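Take these sequences, add in the hints, and give me the full structure.
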Amino acid sequence: GHDIEAQWLMDLACDTLGDDELIKKFAEMDLKIAENIYNIAFENGALNNERENDKIDKKRVWWVQAESVVGFINAYQHSSDRRFLDAARSVWENIKKNAIDKREGSEWFSEVSFEGVPDENKEMAGPWKCPYHNG
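Take any residue in the sequence shown, count from 1 to its spot, add 28: that is its number in the numbering used here.
Do not rely on the hints blindly, as some may be mistaken.
To be verified - For each label pair, taking beta carbons as the anchor points, the in silico distance ranges come out as:
no. : residue 1 : residue 2 : range
1   : D48       : D85       : 34 to 40 Å
2   : S108      : K130      : 32 to 38 Å
3   : A55       : K130      : 36 to 42 Å
4   : D47       : Q105      : 17 to 23 Å
Hints in this document: simulated from the structure, not taken from any laboratory. Since the model is a prediction, treat every value here as computed from it, not as a measurement. Here a beta-carbon is modelled for each residue, glycine too, at the ideal position from N, C-alpha and C.
This is how it looks when you write it as structure tokens:
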């Protein structure tokens with residue numbers, strides 16, 4: 029999650045600074061990050077939560093999914109590589125199907141299993157999710 033988030037944030041920061049040398053340097057790095065994430069973490073229409081050494085956590089965590097949509101679209105905009113656009117669409121479809129709680133007035137589940145089953149034991153909007161991200 030943090031890698032794909034850093035990818036688009038670095039790109040935005042370089043654009044904001046207007047430094048052509050930095051833009052070029054980070055554009056190449058951003059695409060390498062997106063390519064790496066696509067190859068090692070994009071699976072079954074969504075992004076795995078994290079990988080530590082050889083241990084892969086395949087939970088679908090709400091913010092990781094959101095960041096991957098933005099990151100893959102950013103990579104597509106800079107490369108025209110349809111794999112990134114297709115990945116962004118796939119993650120968004122997965123979010124709509126599995127992560128968004130359909131009950132009225134609700135919001136995204138915090139975590140969904142690899143198989144698409146929401147973890148209803150996790151709080152829907154705790155201090156990290158609600159005030160920081162939704163507020």
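Structure-based check of all given hints:
{"no.": "1", "hint": "D48 x D85: 34 to 40 Å", "result": "holds, 39 Å"}
{"no.": "2", "hint": "S108 x K130: 32 to 38 Å", "result": "holds, 35 Å"}
{"no.": "3", "hint": "A55 x K130: 36 to 42 Å", "result": "holds, 39 Å"}
{"no.": "4", "hint": "D47 x Q105: 17 to 23 Å", "result": "holds, 19 Å"}
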